[in-house]
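*Asks:* Sequences are here, hints too, so could you generate the full structure?
Read in full-length UniProt numbering, the sequence shown has 60 at position 60, and its numbers run on one by one without any break.
Hints were generated in silico from the structure; no laboratory data involved.
Just so we're clear, the structure is a prediction, and the values are computed from it rather than from any experiment.
Built from N, CA and C at the ideal position, the CB exists for glycine as well.
Possibly wrong hints are sitting among the right ones.
[As the list claims (entries may be wrong)] Dumping the calculated DSSO-like pairs for lysine-lysine here, alpha-carbon to alpha-carbon at most 27 Å:
#1 K575 to K558
#2 K575 to K419
#3 K339 to K550
#4 K560 to K575
#5 K611 to K591
#6 K303 to K317
#7 K596 to K537
#8 K596 to K550
#9 K317 to K370
#10 K164 to K153
#11 K537 to K612
#12 K419 to K537
#13 K537 to K575
#14 K570 to K537
#15 K153 to K591
#16 K419 to K461
#17 K163 to K153
#18 K563 to K575
#19 K537 to K611
#20 K570 to K550
#21 K612 to K558
#22 K24 to K201
#23 K164 to K461
#24 K339 to K317
#25 K591 to K550
[Claimed, not checked] DEER-style ranges, computed between Cβ atoms:
#26 H334 to E517: 18 to 24 Å
#27 H334 to Q80: 47 to 53 Å
#28 P260 to P133: 42 to 48 Å
#29 E441 to E517: 31 to 37 Å
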Amino acid sequence: MYLNSMFPSPPPVPATNAHHTFFKRPDQAEWPNFTVHIDLGTLSDNGLPRRVMYNDYIRNIDDMSTGLSAAVEDGGLGLQGWDAGVTVRDVGRDGGKELIGIMGENSSEYITLIHSCLRSTIPFAPISPFSTPFELTHALTLSKVTRLFVDEKLHALVLPVAKKVGLSHSRIHILKGSGGKSKRAIPEQGSFWGIIENVRKRGTQTIPIQPATSDTLAYLVFSSGTSGLPKAVMISHGNLIYAMGQAFTLFEATLEVYTPPVPQTPDGLPVTLAFLPLHHSYGLHAYSFRSTFVPSTLVILPKWNVEVALDAISRYKVTTLTLIPSLIHQLVHHPNIEKADLRSVSSVLCGAAYLPPELGARFSRHIPNKVHFTEGYGMSEATIGAVMQPVDGMLDGKLKRLEGSAGVLLPGMEARLLKHEYAVPPSSTTPSADVDCGVNEEGELWLRSQNIALGYWNNPKANSETFVGGWLKTGDRFRVDENGNFWFADRTKDTLKISGSQVSPVEIENCLLSHPEGLISDATVAGVSGGRTDDEKVPRAWIVLSATGKDTKKGWGKDKVIKELDRWHKENLSKYKWLRGGIEVVDEIPKSPTGKVLRRILQERHEGRVKKSKGWFNRRAKL
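*Replies:* Structure follows, in structure tokens:
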């Protein structure tokens with residue numbers, strides 16, 4: 001099946017710096033000097049969270065950009081901007097092009113540095129502040145960052161790893177001081193604020209916005225891709241501009257059928273709670289890029305904290321929430337959710353992972369006013385998004401939002417849904433009966449558009465496997481109905497093949513969660529050993545008991561729930577989908593900071609126990 005977006009295509013990508021898309025646009029000339037950031041992790045002299053005004057924000061970006069690019073004798077770091085021809089071979093700490101790593105919690109400084117790098121055409125690589133030494137070693141080695149801006153609280157973690165990979169202490173700068181201070185007395189170029197203050201003290205002439213082409217590297221973002229260790233995805237200025245063009249086109253189409261309510265905030269501007277990590281594409285785009293569409297305020301949380309978040313929503317009259325399924329799950333099960341004041345919320349966007357419809361509906365019921373609830377599908381390799389739920393009535397009534405659907409293709413997107421693994425899909429857009437799926441038939445999603453990444457940084461093998469013939473193999477399985485709506489099925493790599501049949505873990509998870517007694521609050525399914533052959537996996541479920549499931553006074557409890565769910569899923573699923581690997585009760589399902597289920601941790605823990613028990617059995621047999 002071949003599909004083309006039903007929306008008008010975004011404007012052609014100009015050969016220019018993406019900075020022009022975000023700042024100093026003609027429409028921004030009339031913008032007021034509003035509060036752009038309220039940084040809850042930074043205290044002002046009055047002891048309250050620091051507020052950053054829009055004009056100061058722009059000045060900080062310009063001055064930091066100048067500090068990066070100006071010659072050393074003029075008070076800068078002397079870093080040169082990139083052009084489209086730069087490759088990994090040109091990057092080096094002892095001469096050559098430089099690449100900036102950013103490792104910190106969410107802050108105004110972080111977002112400012114991102115835009116300063118774009119303005120200077122010096123690529124940046126956001127690195128998770130939750131990284132272990134092993135993960136950080138991989139990130140620094142893979143990306144080859146030549147400088148690192150890091151929160152002071154993470155400095156001690158970074159130093160031994162930096163030494164190991166050959167990144168000298170002089171190339172590590174403090175992004176944000178500790179103790180909730182926005183500035184720290186680190187001289188000259190040793191910190192974010194030291195660089196800015198040095199430029200201002202010297203009166204260094206502001207460096208102009210550097211030129212870029214559509215293929216100039218903008219940033220690297222780490223992604224697991226379709227399999228294996230994290231990979232560094234190369235996003236160009238052209239990718240970024242086109243992704244923003246897609247968002248603008250969708251925004252204009254939305255306004256034709258939906259008028260957002262006037263925010264009930266002191267200055268009448270929308271307010272977004274910014275807590276998703278900036279090192280992930282979802283948070284990066286929501287808070288650094290899409291926040292520049294209209295005048296708006298970000299209430300920045302350094303990291304997620306449910307109590308702080310609920311208080312901030314009420315205190316700052318938050319209108320927009322960007323969520324992931326695991327956080328929605330946490331919110332609806334929080335003991336104070338019934339008391340939380342969510343009256344200001346008018347818009348909710350959920351992404352990064354599949355959201356069960358009943359979970360989304362349950363959360364919506366806690367918001368008193370009618371909320372604009374949107375889901376979407378995307379991945380870092382597509383810059384940010386590929387599919388988004390439409391608003392009812394879009395495109396002269398052709399589109400309708402459907403519960404459980406990921407939505408329709410974003411403007412400018414092409415898609416193929418293929419039955420099997422193919423090195424290259426047919427070059428023609430005409431579907432082939434041997435290759436392409438039919439209506440409502442599951443298959444792997446391939447995407448093509450100008451927002452598809454340049455590829456993986458320094459990883460030709462992964463490039464050849466994922467970016468094929470101009471298409472991106474997503475590794476995700478969908479079906480598409482007769483109206484072009486996409487329905488998520490599963491990750492290709494997570495799908496199990498049992499007795500020649502495909503088994504979707506998501507289908508089994510949904511079955512368990514749909515038990516009418518609500519015995520569990522979370523579940524995940526993955527393949528474990530135990531099949532008919534050594535390489536065949538069988539499904540195993542890990543479940544988290546709900547309050548009902550734990551209630552022994554009502555006749556439940558761990559053993560009773562396992563027995564009941566065993567009966568329930570066998571009654572509702574075909575035999576080859578049964579949980580032959582068993583059901584295990586756990587305290588929580590391990591998930592990444594962005595909400596993706598870490599099935600591998602549960603699988604390895606189970607296989608370790610199996611291996612240990614087999615060793616014990618073999619020793620007993622020998623006796």
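*Asks:* Each hint needs a verdict: does it hold in this structure or not?
*Replies:* Against the structure, the hints:
no., hint, verdict
1, K575 to K558, "holds, 24 Å"
2, K575 to K419, "holds, 24 Å"
3, K339 to K550, "holds, 24 Å"
4, K560 to K575, "holds, 22 Å"
5, K611 to K591, "holds, 25 Å"
6, K303 to K317, "holds, 19 Å"
7, K596 to K537, "holds, 21 Å"
8, K596 to K550, "holds, 26 Å"
9, K317 to K370, "holds, 16 Å"
10, K164 to K153, "holds, 20 Å"
11, K537 to K612, "holds, 19 Å"
12, K419 to K537, "holds, 22 Å"
13, K537 to K575, "holds, 15 Å"
14, K570 to K537, "holds, 18 Å"
15, K153 to K591, "holds, 24 Å"
16, K419 to K461, "holds, 23 Å"
17, K163 to K153, "holds, 18 Å"
18, K563 to K575, "holds, 17 Å"
19, K537 to K611, "holds, 15 Å"
20, K570 to K550, "holds, 22 Å"
21, K612 to K558, "holds, 24 Å"
22, K24 to K201, "holds, 25 Å"
23, K164 to K461, "holds, 26 Å"
24, K339 to K317, "holds, 15 Å"
25, K591 to K550, "holds, 22 Å"
26, H334 to E517: 18 to 24 Å, "holds, 21 Å"
27, H334 to Q80: 47 to 53 Å, "holds, 49 Å"
28, P260 to P133: 42 to 48 Å, "holds, 45 Å"
29, E441 to E517: 31 to 37 Å, "holds, 34 Å"
When each numbered hint is compared with the structure, no violation occurs for any of them.
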